[in-house]
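Trainee: Listed here are the chains, written in short residue letters.
Number of protein chains: 2
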Amino acid sequence: MQLSIAIDMDETIADPIKKAREWYYRDYGKTFTPEELHGKTFTEAVPPEHKDKIKEYLNTPGFFRDLDVFPDAKEVLKELNQKYKLYIVSAAMEFPDSLRDKYDWLQEHFPFLTWKQFCLCGDKSIVQTDIMIDDLIRNFTFFKGKAYLYHGHHNVHIEGYERILNWEDAAKKLL
Amino acid sequence: MQLSIAIDMDETIADPIKKAREWYYRDYGKTFTPEELHGKTFTEAVPPEHKDKIKEYLNTPGFFRDLDVFPDAKEVLKELNQKYKLYIVSAAMEFPDSLRDKYDWLQEHFPFLTWKQFCLCGDKSIVQTDIMIDDLIRNFTFFKGKAYLYHGHHNVHIEGYERILNWEDAAKKLL
Numbered sequence: 043m044q045l046s047i048a049i050d051m052d053e054t055i056a057d058p059i060k061k062a063r064e065w066y067y068r069d070y071g072k073t074f075t076p077e078e079l080h081g082k083t084f085t086e087a088v089p090p091e092h093k094d095k096i097k098e099y100l101n102t103p104g105f106f107r108d109l110d111v112f113p114d115a116k117e118v119l120k121e122l123n124q125k126y127k128l129y130i131v132s133a134a135m136e137f138p139d140s141l142r143d144k145y146d147w148l149q150e151h152f153p154f155l156t157w158k159q160f161c162l163c164g165d166k167s168i169v170q171t172d173i174m175i176d177d178l179i180r181n182f183t184f185f186k187g188k189a190y191l192y193h194g195h196h197n198v199h200i201e202g203y204e205r206i207l208n209w210e211d212a213a214k215k216l217l
Numbered sequence: 043m044q045l046s047i048a049i050d051m052d053e054t055i056a057d058p059i060k061k062a063r064e065w066y067y068r069d070y071g072k073t074f075t076p077e078e079l080h081g082k083t084f085t086e087a088v089p090p091e092h093k094d095k096i097k098e099y100l101n102t103p104g105f106f107r108d109l110d111v112f113p114d115a116k117e118v119l120k121e122l123n124q125k126y127k128l129y130i131v132s133a134a135m136e137f138p139d140s141l142r143d144k145y146d147w148l149q150e151h152f153p154f155l156t157w158k159q160f161c162l163c164g165d166k167s168i169v170q171t172d173i174m175i176d177d178l179i180r181n182f183t184f185f186k187g188k189a190y191l192y193h194g195h196h197n198v199h200i201e202g203y204e205r206i207l208n209w210e211d212a213a214k215k216l217l
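Those protein sequence lines, which keep their order, are chains A and B.
Read in the working numbering, the first sequence has 63 at position 21, and its numbers run on one by one without any break.
Read in the working numbering, the second sequence has 145 at position 103, and its numbers run on one by one without any break.
In isolation and in its complexed conformation, chain A is listed as follows (with noise of 0.2 Å):
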């Protein structure tokens, strides 16, 4: 029997990082250094003041749409996809209108993937897989499956738990 494995978008397979500080640079003319984003995310790093912009930026009609893929994501899912029952999860629900972009970009760049293979969630607790994939430890707080953490800036601090560097790692491990 296959085993099953949920993988997350933003900052797993998606990039809104990259868009949320071109945006942030279009607005504020600043742009930020690997060491002023270790440790955090993109929202924790901006100033307090700022933060409700970045929200914007995420509940922009489109924003997610255009998101560039990760790295060999698309090519490493598409083997995956034969070895394991594979579904794409995703907390998107905070962002209502991202529901039907993260649709369309799935479709355009994972064309192998049905839309039975797509969850959009608010809150991935009651998600049960084999596998789970995600670059946030609170999603994997009910989990009993085997999670990795998709590495990221934002938690290069978080450990006990293992890591998938990138989308190369993940066939090294999971292949």
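Calculated directly from the structure, the hints in this document are not laboratory data.
Heads up, simulated DSS-like pairs for lysine-lysine below, C-alpha to C-alpha not over 30 Å straight-line:
hint: 1; chain 1: A; residue 1: Lys158; chain 2: B; residue 2: Lys95
hint: 2; chain 1: A; residue 1: Lys188; chain 2: B; residue 2: Lys158
hint: 3; chain 1: A; residue 1: Lys186; chain 2: B; residue 2: Lys125
hint: 4; chain 1: B; residue 1: Lys158; chain 2: A; residue 2: Lys158
Starting from the structure of chain A, add chain B where the hints point.
Mentor: Positioned in the frame of chain A, the structure of chain B alone reads:
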């Protein structure tokens, strides 16, 4: 610890069939008697050449936005939400235009729920809660908790599941 409960939308708390029947009457001038729908989904009840038309209805933006709420669902879900960790889980992904409509419909009629409690998926096989209420037994295939079949004209012949006849009955069984 609170038990978790997953509650379906269509034909459990929302009435898409009433609307589909109205649209069908508008387009073809035909209504269906309870006998004609007994043991059948609405799509199964219409002539083969009209099945795509029903799919077209469900794919129409706005179709799911103003559906009737099932009797007593608001009141009973409000109480269930006090007693359980409640999630609304809908296999909505087949109709991507329904995603935002369903979110807005839930916000309108169930304002005591938050977006964290909404889960719009393709296939419910990765959803695990202690209890699930659904009108389609295919959603119970991989489910390990206690399943309640929400009674409907299309599932009258199905045996082997404890039924919930309506939301008053749910209150008796679960509150």
